[in-house]
Structure formats: C-alpha cells, structure tokens
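> Chain by chain, the residues:
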Amino acid sequence: MSPDPADFGGRAFVVSVTVTKTGDHRSLATLEGDPRELGEDIVRALPLTQAAALKVGQHPFREEVVPGTAKGALEGWAEAQRQRANLDYYAGAHPRWGMAIDLAKCTGCSACVTACYAENNIATVGEDLILRRRQMAWMRIERYWRSAADGSGLHVAVTPMLCQQCTLAPCEPVCPVFAAYHTPDGLNGQVYNRCVGTRYCSNNCPYKVRHFNWYDYAEPGGEWESWPDPLNMLLNPDVTVREKGVMEKCTFCVQRIRGAQNQARLEDRNVRDGDITPSCAQACPSEAIVFGDLHDPTSRVARLARDPRGYHVLEELNTQPAITYLARVVHDGGA
Amino acid sequence: MDRRRFLTVLGATGGAAAAASACDIGPEPTEHLVPYVVPPENQVPGIATYYATTCRECAAGCGLHAKVREGRVIKLEGNPESPINQGRLCSRGQAALQGLYNPDRVTDPMARGANGQWQKLTWDDAVGRLQAQVKQARGKGIAFVTGLESGSFGELVDAWMKEIGGRHVTYEPFAFEALREGNRIAFGTAAIPSYDFASARYILSFGADFMETWLSPVGYQNAFTRAHAFEAGRDGSMAKFVYVGPRLSLTGMSADEWIVPKPGTEFMLALAMASVILTERLAPPPPDALRLQHLLPGPERIAGSVGVEAGKIQRLARDFAASKGGLAVAGGIAAQYGSGALLVAAANVLNYVAGQVGKTVKFGPNHALEAAGSFKHLADLVADMRAEKISLLLVHGANPGHSLPAAFSEALGHVGYKVSLASYWHETAAAADLVLPDFHPLEQWNDSRPQAGVYALQQPVMQPVFPNTRHAGDVLLQVAGKSGGFKDYLQTRWRALHVRYGHGRSFEDFWNDALQHGGIYSEAPAQTVRLGPEISRLMGGAADTSLQLTTLIVFPSVALHDGRGAKSFPIRSRKSPGTAGWRCIPTPRPSGSSPTATSYSSSRPMERCVRPSGSRRVSARTSSRSPRGRDTRRTADMRRTDPSMPSSS
Chain A
37 MSPDPADFGG
47 RAFVVSVTVT
57 KTGDHRSLAT
67 LEGDPRELGE
77 DIVRALPLTQ
87 AAALKVGQHP
97 FREEVVPGTA
107 KGALEGWAEA
117 QRQRANLDYY
127 AGAHPRWGMA
137 IDLAKCTGCS
147 ACVTACYAEN
157 NIATVGEDLI
167 LRRRQMAWMR
177 IERYWRSAAD
187 GSGLHVAVTP
197 MLCQQCTLAP
207 CEPVCPVFAA
217 YHTPDGLNGQ
227 VYNRCVGTRY
237 CSNNCPYKVR
247 HFNWYDYAEP
257 GGEWESWPDP
267 LNMLLNPDVT
277 VREKGVMEKC
287 TFCVQRIRGA
297 QNQARLEDRN
307 VRDGDITPSC
317 AQACPSEAIV
327 FGDLHDPTSR
337 VARLARDPRG
347 YHVLEELNTQ
357 PAITYLARVV
367 HDGGA
Chain B
11 MDRRRFLTVL
21 GATGGAAAAA
31 SACDIGPEPT
41 EHLVPYVVPP
51 ENQVPGIATY
61 YATTCRECAA
71 GCGLHAKVRE
81 GRVIKLEGNP
91 ESPINQGRLC
101 SRGQAALQGL
111 YNPDRVTDPM
121 ARGANGQWQK
131 LTWDDAVGRL
141 QAQVKQARGK
151 GIAFVTGLES
161 GSFGELVDAW
171 MKEIGGRHVT
181 YEPFAFEALR
191 EGNRIAFGTA
201 AIPSYDFASA
211 RYILSFGADF
221 METWLSPVGY
231 QNAFTRAHAF
241 EAGRDGSMAK
251 FVYVGPRLSL
261 TGMSADEWIV
271 PKPGTEFMLA
281 LAMASVILTE
291 RLAPPPPDAL
301 RLQHLLPGPE
311 RIAGSVGVEA
321 GKIQRLARDF
331 AASKGGLAVA
341 GGIAAQYGSG
351 ALLVAAANVL
361 NYVAGQVGKT
371 VKFGPNHALE
381 AAGSFKHLAD
391 LVADMRAEKI
401 SLLLVHGANP
411 GHSLPAAFSE
421 ALGHVGYKVS
431 LASYWHETAA
441 AADLVLPDFH
451 PLEQWNDSRP
461 QAGVYALQQP
471 VMQPVFPNTR
481 HAGDVLLQVA
491 GKSGGFKDYL
501 QTRWRALHVR
511 YGHGRSFEDF
521 WNDALQHGGI
531 YSEAPAQTVR
541 LGPEISRLMG
551 GAADTSLQLT
561 TLIVFPSVAL
571 HDGRGAKSFP
581 IRSRKSPGTA
591 GWRCIPTPRP
601 SGSSPTATSY
611 SSSRPMERCV
621 RPSGSRRVSA
631 RTSSRSPRGR
641 DTRRTADMRR
651 TDPSMPSSS
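Residue numbers (the working numbering), protein chains in the order written: chain A, 37 to 371; chain B, 11 to 659.
Derived by calculation from the structure, the hints in this document are not laboratory data.
Cβ coordinates follow ideal geometry from the N, Cα and C atoms, glycine included.
Where hints are given, some of them may not hold.
[To be verified] Computed beta-carbon distance windows for the label pairs: (1) A:Gly59 <-> B:Thr561: 18 to 26 angstroms; (2) B:Gly321 <-> A:Val210: 57 to 65 angstroms; (3) B:Ala506 <-> A:Arg62: 50 to 58 angstroms.
Only chain A is shown next, with the shape it has when bound in the complex (with noise of 0.2 angstroms):
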C-alpha cells in the first residue's frame, strides 16, 4: 500500500499482491462454525410471495409431533402434570416471558451478544479458551451460507441463539441438586449457590445455550481475570459474578423483570407491556427482538408469537420454548 494519498486525498487501501506460502502453521480462534450450532434448518426461510400471502392463523412451520392415537393420553398427563405443579407460589396466574426474534430483521451485526456481555457480567476468556471452545457468551450468533433452490448465488442465513427457556426443559430434570429449576413465571432457573458442576444440564440441552465456568474468571489478580483493576467497577451490581465450578445462562435479564416488577408494585399497578426490556432486545440497531409476557394476548410478543411465520427451533423435540423465531422472508429466488 502506498503511503502516498491517491488522487482523492485519501488512503488507497487496495493493492495487487502475489501470494506465497510460508509454511506457517498457526490456528485461527473463531467461533464462526462452533459445534454448539445446530445446523442450518433452524433457520427457516418463505419467499417472499408465500410470506405475504399468509393469512393469521395459518401456521406453515408448526409440526404434528404427537401421533393423532398419543393425543388423548398426552393431554391427560398434562392435566396432572399441571394440577401436581400448581402447589405454593407456583399456583394462580402468573406471567410467562417470552421473546419473539425477527429473523427479517437479524443482520447478524452482534450488538445483542455485546450488551450482554455488558449487562450480565459475562466473563472473556481470552484467545486460548476460545481455541478450546470455553467462550462465555449467552447468547451468540449463527451463521450459515446457503444457495438459492437452484443452486446459484452465496446467501447468508444468521440467527441468535439463546437460552429458549422451554416449558418442559430437558435441562431441569436432570440435575441432582436442583440446580436448573423451573420458576413461577416460567423462566429456567439456575441456581449458582447450589451448582456442584456436574454438566448435565448443558449435555441435556438440545440448544446449547449453557456454559460452564472452567476457570475463576473473576479472581482479583488470578489467572483467567477477566476483569483486571479497574475494569472490575464496570461489573453489573444486580448480577451475580460467577465462580469455578458453575454452570451459568441466559436469564432473560431477570433483574430487569425484578427491577420492573419491584417498580409497578411501588407505583401500585401491573407491570406493563414493554416495561421490560432484556439487555439484548435494547441494544438491537434492527429492532428485531421483542419481549414480553405471552400470557397476556394484547401484548407485543403474544401478537408476534401468534404470527403465522411463527416457529421454535427443533419444535419435535417438545421443549415448548418461549422463544418464537419468524422465518425470514426472502425475495423469489433467493434463500
């Protein structure tokens, strides 16, 4: 590159080049193609003709995941199911959150795993964990090219991906100390203080969305410190720093639903629809996050989640999350 300015006045950042080959060996610390994703047909694309001909109520993506002879005896171990949950505080109505993600919108800029780095006191690990696959994110970023139906062109399909706290979560049942455990509102919860690390919350997740802290990231002057004097003031006061040993994952920002929630009770009203914003959702410069409480049919996300382009990521699985992806919509011909 020449360090003279071009005829513009500026910098000519272009140059011809021939290549050579060094023999140099060295790994790259990507976490573009991580094995946590999934593959690509959690993202789900419609032409554009097909989205704009969907009528409410039509429901292209949803699968019959129970057999029409399983139907009745499901339903009924659902009933009990519900009647033996609906002891102490989990009886009565109660909010359940839920998000719903825009995948028109997602450009894949990253903002949302940004500020929940900011928000939730996430640890970076640094170049060499990221080699071993020990990131911390929440939340990250999938990305998968594709080509149209008839082979041409190079499109890209980008989703976030995040903790889908599901109804029926496999990561619950399986923890020995109750770590993972369902709340009211029907949030996965984990509990830090009772976490012994056994990881088979995260085997069990057919997501992925769990992480296990592998090292003392916060330790004044440790080894790993993620947070070296004085970076350590910018830790979020409503979040816990997590230790050694821990599984850790999306909470949906739960001090913010407190938060919100501690408020109203003050004002002496119900929380309102948008009253909550998770980290994520605020950052988005494309708006494509909404959250909200599906319980309530008038609110934002409750529409959203109705919308017939409308889906959940690995629906057969029957985790029922409260995540609600709509489909992106691309024009004819693509992907």
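Please build the complex by placing chain B on the supplied structure of chain A, with the hints as guidance.
Leaving out everything else, chain B in the frame of chain A:
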C-alpha cells in the same frame, strides 16, 4: 481496586457527577471516605441514575444514556431521543466502558527524561514544560493533530493554534476522502449528505459497509431494517438490497443479491446502469443529465472489463429505476481503490439520473465528517516533520503512530518536542516526550455536531476513574493562559445556540434541558444540488483501471473499527460473522513495516489481530507463555511485562 479507591469514587461521584447539570467537576478528587452519612444528591443506593451523553467510539455521534449505580457507570444504552441512533447502540458503543476503566489508561503526567526513562510529573510541572515548549517553538512550526472534533474542543484548538501560529490537522483514519471528493466531482459540494435508507425501495451498495463502519452504522442499520423487513400487508413489502463488492461483508450478508465485479471496476457498473436508465428513459431524466447520455458507457461496452454480463446490468438498472425509491451508496472504506472518488461520482450519477437526489439522498442534514481533514493533509504534515519544519507536535484523540504508515513514526524522530494528550498508552503516546493524561469521553464536558442541525452534548457521567487525569480542554486553556475551565468555554459557545434555540427560556433552563435530552435536535434545511461541471470531463476519461495479479483489500473491522476497539475484551470475544478469522488485521498498516512504538494492545491476548503476522511481538508473546501454555500477559497490564513502558502506577 483497593477498598480506599472504591470508596473514594463512591463518595466523590455522589456529589459531583450525580448533579450533572448543576455541579462543576474539577480535576481534584474529593477525598471523603464516608459516602452516605450525608446522602449524595440525586442518588439512592440500589437505584440507577441515567445521564444523557454522546458516544465517541466513532464519528457517528450516537446519543447515549449512561446508567450509573453508586457513582460508577455500569452500562450504556442508546438515547431514544437522538435522531442519530434512535435509542439503539452497536457493539463498539456497548463496549466503550472497557475503555473508560481500562487498566492501560495513562494515570499521571509523564515525561521522558534524558536517559529515555519515563518519569512522573506534577501537573504544574507538566503545564509549565508545555508552556515553555510553546514559547520556544513559536515561529518554528507548531502542529496539533486531533481526531474529528466538530464542536467546541475543535474550535478551542483552532483558536489557540491561530494565536500561536500553529496549524490544526484533524485526522480520522476513516475520513471518507473518496466520498467527499466524489460528491465534489458530481455535485460541486464536498458535503456528505444524509442517506434515507428507511424510505428506499431498492438499495444498491458499492462496497459501502453501512452497517459496520460507514458514516453512521447504527442509524443506517435501523433505517435499513425499516425498509427491508417483512411486514404483512405493506404494499411492496420488502425493499431489495443488492451488494456490489469483492468481499461479502457483514453488511453484504443481508443482501438479496451479491454481485462480484473485478476489483476496481465497480464504477463502470454504476455508469453503465445510469446509461441504461437514461437511454431507455426509465425515469424522467433531469434536464442537465441528458448531456451525459452519450458519454456514459453502455453495458455491452464494459461487461467484459467488469466481469458482469450485460443482461444482468440491464436488469439491475431496470429494477433500480422501477422501484421508484432507488438508493445507491458507494465508496466506503472497503472500496478505496485509486478510483474511489470516481466510484462515488458514478453512484451519484446513478442516483441523479434515477431522480433520487433530493429523495433518498438528501443534502442539507450533512454528516460531520465533511469537516474532517484528509490523509493528504497528514501526509503533508509528515513531509514537514521529516524536513524538520515542525518543532512542536501535539496529538490528541488520534493514534497516528498506529494507523498511519511507518513513515509517520519515523518522521516523529525529526520533531523537536512531541506532546501526547492521551487516555491510553498507545503507540503515539509511547513515542512522545510528554504525555498528559486526558479524560475518557465519558468523564468530560464536550460537544459535537454529528449531523447538521444536531448539537450533541457530552457530560461527565462519573468522577474520573484516575483522579490525576485532566480534561485536555482544561489543560489547553491553562497553557494558553486563559481563565476558567473548559466547561465555561463550552457554555460560552452554547450561548449562541441559546439565542437561536432558547425560545425565551433562561440560559440555565435551556442548558439543563439540553443536557437532559443529550443535546439539541433540529432539522437542517434541505439543499438542492445539480451536476457539477467536472462530471462530463470525468466520464470521458473513465478508463479501465481493474487491478492485476491478486488483489489485497484491507477492510475495517466492524468490531475493532480503526483499531481503537482493540482495548475492549468483549469486542474481541465477539465473532465477526462471515469472516474466517476471529479478528482479521483491522488496521491499514502496510505489511513489513516495523512499528517502532509498543502498542497497548500488544499486552493483550489477541495481538495477532492488531498486528500483522511476523512482527516481532508475536514471537515475544510466544516466549512469554508459561509451561502450561497459558499466556502470562493475558491479564497482566503492560507495565508489568513490557520494560519499554513506564511503571507509573
């Protein structure tokens, strides 16, 4: 952080930063260790306080809300009132706190002694030395390099330089010279217009990464989504987005179609599209554009050089015109060929013949970067430095030692005295004779004009993290022998705005109101532009400039920007979707140059991304590994490990 310091910050901030509008924040820290005996005003333990300020991580100038808990700022959110970013914030903005609390901040004034060792100074001593140097250097060449300062600080530097006979050079590594020059060629104005992505129906980007580093990425991404999202029942529903460029960037990943012309020939594609629109009369042609009809190359003529079939070019042109909302943007940093200005001019012609200038391309609310200096100005300065025509060089808010070719670092050796007003130990600071620790943008008073009509204010959202740092503005005023601090200077400037926007309120009310909202947001009047005289001459000379051999295109990283993002851990831990490497070399340093200064980033784990491979630091890093393979410098700050850096703390 020790307990004492924690409490100091706690106690000090309560009174000062919390009462953001009313209190003056002096450089001296308050030394009360019992914070809540007298409860600080505006602050309840456990309840966050929010202050409006402005993000300075790039030149876009997004509005911020800083969340402050117990005197510490802990989170940044977008300011919903700001017309720049509509309450949204990108990764770099989110991570700005990592810069504020960075262990590599400069904590005390430092000077290089006779033996080359750094020594700590008192502020009186430091200011005295600078005053003496200014006196000595008068008439022998004084230069002040700053980043883009579109507000009062820039005016202060201008005024001071005028007074002492120096020159003020503003330097942004991404100053969009090609964009400005291209607009000047096409329309006779070097302004950077406002691009209305939200109302565009067909978006064509010639290498402009408008969701990453191009002008105002947050606002543009927000607007782009409004146009490109699917909304059931909306007429026409989704805008179409075509990306033209050699590399599928993050921006290009959202495209419906990706077109890969031969590098350096993009401008021909734009001209050919304009030619199709004109000859087929796809849009009512502006009268002054008709003269171009015979000058523009047709698609058949250039298809071979560009590497895109003529039929495809015709289709693109027809779709562009038929959408009645076409918007072509070009000449981002990612497409800075030697023909960069030509490309921008060509995209302008395309917008113009399609009748979109004035609709999706609006001159009037122009971007602040039009006032930035150019690389040429800096190259001239470097030449003067080398010729020993500069005896005193001051640098603030820029790190040319890192982002410029090695010629700059070499030329530094010919400058009599170098002063760096820096927040971090970066290359330029490390090569200076005197380093004056500056406030982080979140600790200081300042203002900027990110867009015509938008006056954005910055206020300190907390007490300085390092008590012995000072606002560069305060230091300059003191050196210049002026009374009052920079806040007074700023307010004096805002009295003029008070006359225009005060609507009869007292200045106090006006000022507090502006602080609360993050500034003043007004509409700039639209300007009409016509094709300039140079355009036809240029079309005639449109030659085949495609590059030979393998082409290396250095692109700016969405995460690291011009390298300044490297100080943030989360920024380095986020991936850049679509790129094979986690962190490619983001900064345009020519390979093979040997940096003379030591980078603050070199003490960090991922230096490979900041440095071209093969520089000596990579090998140094390998040798610093412990037997367990751990990088011992991962968390250690550089002062402990790098003998060339001062041990100041």
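> Falls inside 50 to 58 angstroms, the C-beta gap from B:Ala506 to A:Arg62?
holds, 56 angstroms
> Taking 18 to 26 angstroms as the hint, is the beta-carbon distance of A:Gly59 and B:Thr561 inside that range?
holds, 24 angstroms
> Go ahead and decide if the range 57 to 65 angstroms is satisfied by the Cβ distance of B:Gly321 to A:Val210.
Since the Cβ atoms of B:Gly321 and A:Val210 sit about 59 angstroms apart, the hinted range of 57 to 65 angstroms holds.
Violated hints are absent here; each numbered hint is respected by the structure.
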